[in-house]
Amino acid sequence: MYVVVAGGGKVGWNLARELIGKGHEVTLVEEVRERYLTIEEELEHAVQYGDATEMWVLERAGIERAELVVAVTGDDEDNVIICQLARDRYAVSRTIARVNNPRNRELFDLLGVAPVVSATDLILRLIEHEVPSFGLVHLLDLHAERLEIVEVELAADAPAAGRAVSDVAMPDGSLIISVLRDGSGFVPKADTVLEPGDEVLVVLDPGLEAGITSIFTGVDAP
Amino acid sequence: MFVLIVGAGRVGSALAQSMLAKGHDVSVLDEDPLSHERLDAGLPGTWEEVGGRFTVGQGIEIEALLEAGIESADVFIASTRGDNTNLVIAQVAQRRFQVDTVIARVMDPARATWFAEQGVRTICPTIEAIGMFEAALGEVA
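In the order they appear, the protein sequences are chains A and B. Heads up, the first sequence is in my numbering, so the first residue is 1 and it goes up one at a time. Heads up, the second sequence is in my numbering, so the first residue is 1001 and it goes up one at a time.
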C-alpha cells in the first residue's frame, strides 16, 4: 500500500517507520527544516521537506496514487485541510486525521473528515476503563453511524442477573452482542443465562446508557 | 448589516474600521488582546466608544464564534494569518451557521483557487500582487 504521512512529529515519524517495516511504501512530509534533516538521516528518500497543506508539495509526494493519507501534524486546521484536499482534490479513498485538541473534534465531524484519532480522548477512555463512570465503559463511539458499544459488569442484584438473554428487557435500539466470562468471550444465544460477574458488551443508540446501566448494575445512573 | 471579522491584522482591522464608518455593526474576534490597539488607532475614542465590538478568542472555537455573535452575522470575514484556519472557519460559518456572505483571505493561490471551486469564496492577495507586478512590468518591458 502507498501511504502519505503528513507531519514528522513523534507520531508521524514512528508511524512511517512502522509502516515501512511492514513492507508499505511511505512518503513522510515534514515542514520544519531541522526536523526534516534529522528524519532524513534515518528514512532517506522516504521523507520530503515541505508544507503538506501546499498542493504542489502533496503532488510531489505522489498523493495522486496514495491509497491512504494520514494527517498527523500538530495543527488541527492543517489536518482538516490536508484530508479535504486528499479526498476531494486527489480522490484518495482513505484518510485518517489526528485531533490535537479534543474540542476541535466537532469541526472534523462538521467538515466530514473521518476517521479521527485523538490521543487525549484515548487516554481519557483508558482512565475511564480503570474507573468506569456509572458502571459503563465506552469501548467505541461510531459518531457518523450514531452507535456506541459499551461494556458493563453484571451485578448480582441487577435485574438481568440469572436471566436468559431473551428475558432481559433491553430497550429498543440496544442489543447484547458478547459476554466475557472467566477470561473468554462468546456470543450469547437467546437461552444463555447471564451470570453475576459477566462482562457484557452492548451495542446501543446514543442516549440509552441510563437504561442499560440500571438493567446490568441495578443502580440508577445519576 | 452585521459584519463579523476574525483576525484583526492589517487587513482585518482596516476593514473593521471602514465597515463601522459606513454605519454597519462590526464585531471583531482575535486571539491576541493586544490586537485591540490596532482597532483603536486613528479613532477619536476607543473601538468600543465608536460603536465597535471586540472579543478575545480563537476563530476555530465554536464558543468564541458564538460570543462574537456569529448567529446574527450577515457577513463573515476570515482574515487570520493562517490560510488553513481561514479556510476551516469559513466552512464552519457557511455550513454550521449559514452566514449569507462568507469570504476567506487565502495567501496561497493554489488553495485559494481550489477552495473557491468548492464553494468557499476566497480573496488571494498573492494573485492580486502578481497581476499588479505583471501590469507594472508590462509598462516598462
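Bear in mind the hints are in silico, worked out from the structure with no lab data behind them. Being a predicted model, the structure only gives us computed values, none of them experimental. Here a beta-carbon is modelled for each residue, glycine too, at the ideal position from N, C-alpha and C. Careful: at least some of the hints might be erroneous.
As the list claims (entries may be wrong) - A short, non-exhaustive set of chain B residues, derived as facing chain A with CB atoms under 7 Å:
hint, residue
1, S1018
2, R1081
3, T1085
4, L1087
5, F1097
6, Q1098
7, V1099
8, A1110
Looking back at the hints listed earlier, which ones does the structure fail to meet?
1, 2, 5, 6, 7
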